[in-house]
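Following the hints, complete the assembly by docking chain B onto the known chain A.
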Amino acid sequence: KNEVEQSPQNLTAQEGEFITINCSYSVGISALHWLQQHPGGGIVSLFMLSSGKKKHGRLIATINIQEKHSSLHITASHPRDSAVYICAVPQGGSEKLVFGKGTKLTVNP
Amino acid sequence: DTAVSQTPKYLVTQMGNDKSIKCEQNLGHDTMYWYKQDSKKFLKIMFSYNNKELIINETVPNRFSPKSPDKAHLNLHINSLELGDSAVYFCASSQLEKKGTQYFGPGTRLLVL
Chain A
72 KNEVEQSPQN LTAQEGEFIT INCSYSVGIS ALHWLQQHPG GGIVSLFMLS SGKKKHGRLI
132 ATINIQEKHS SLHITASHPR DSAVYICAVP QGGSEKLVFG KGTKLTVNP
Chain B
1352 DTAVSQTPKY LVTQMGNDKS IKCEQNLGHD TMYWYKQDSK KFLKIMFSYN NKELIINETV
1412 PNRFSPKSPD KAHLNLHINS LELGDSAVYF CASSQLEKKG TQYFGPGTRL LVL
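First to last, the protein sequences are chains A and B.
When we follow this note's numbering, the leftmost residue of the first sequence carries the number 72, and every step to the right adds one.
When we follow this note's numbering, the leftmost residue of the second sequence carries the number 1352, and every step to the right adds one.
Hints listed in this document are in silico derivations from the structure and should not be mistaken for laboratory results.
If you're wondering where the values come from, they're calculated on a predicted model, not measured in any experiment.
Among the hints, a few may not be true.
[Said to hold, decoys possible] If we take Cβ atoms under 8 Å as the criterion, some of the chain A residues that face chain B in the derived model are: (1) 110; (2) 113; (3) 116; (4) 120; (5) 170; (6) 172.
[Claimed, not checked] In silico lysine to aspartate or glutamate, EDC-like type, Cα no more than 16 Å apart, as pairs: (7) 1418(B) to 1404(B); (8) 167(A) to 1436(B); (9) 1370(B) to 1436(B); (10) 167(A) to 1404(B).
Just so it is clear, CB atoms sit at the ideal spot from N, CA and C, and this is done for glycine as well.
Same shape as in the complex, but just chain A (with noise of 0.2 Å):
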């Protein structure tokens, strides 16, 4: 079964801020999901990525296979960014996402 980590829990920042957060899984994989869940509760797929970086708007993600990682950016954050951002692997071969525990981001202005 993979297990999905994510880190920080919670993370404050003030409005401009260069945003880090981090993505580890147990069990490899064939691509990686970063959701973001508005306060309102709607949820959007922000990235789906199996390599290497992929960059939209402010938001940059970036995995490393070999070391289960994965990380996502947001630069010159705004508080229009703040949301609980969830990081999603398949379990085995499947197409059943197993989810991290979210990472709830709060930038002030």
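Quick look at chain B alone, frame taken from chain A:
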């Protein structure tokens, strides 16, 4: 246009009742999922259907019965609701062959009194 929609958004009901939650996707995806998010905000998969066939069925009480009338719809029926069923239920869809991104619905907040 909403990609993945769920109805209702909120559901408050008494213990013992039977209720259904509906999900529809207009993305042309072949796979749909039901997830449960508990009070600690932890997401867990319940079911997955690919082309109307059940492919993932987690350890979920048999009071929960998914039904997929076609590829675009996956409904969740819950019998004899219990207090512990109170949670947010999310539907999602993806294109299985492409191992694609999952798109989530807005969630249905179920409160059992």
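To see whether the hints hold, each was checked on the structure:
The restraint placing residue 110(A) at the interface with chain B is violated, with a minimum CB-CB distance near 12 Å, outside the 8 Å limit. Checking residue 113(A) against chain B: minimum C-beta separation of about 5 Å stays under 8 Å; hint holds. At a threshold of 8 Å, the smallest CB-CB gap from residue 116(A) to chain B is about 5 Å, leaving the interface hint in force. Given hint, residue 120(A) at the interface with chain B, is violated; its Cβ is 10 Å from that chain's nearest Cβ, farther than 8 Å.
Interface restraint check: residue 170(A) against chain B, minimum CB-CB distance 4 Å, threshold 8 Å, status holds. Given hint, residue 172(A) at the interface with chain B, holds; its Cβ is 6 Å from that chain's nearest Cβ, closer than 8 Å. Only pairs whose Cα atoms come within 16 Å are accepted, and residue 1418(B) paired with residue 1404(B) is accepted, the gap being roughly 9 Å. Between residue 167(A) and residue 1436(B) the alpha-carbon distance is near 21 Å, which puts this suggested pair outside the 16 Å criterion.
A C-alpha spacing of about 11 Å is found between residue 1370(B) and residue 1436(B), which places the hinted pair at or below 16 Å, so the restraint holds. The hinted pair formed by residue 167(A) and residue 1404(B) meets the criterion: a straight-line CA distance of about 15 Å does not exceed 16 Å.
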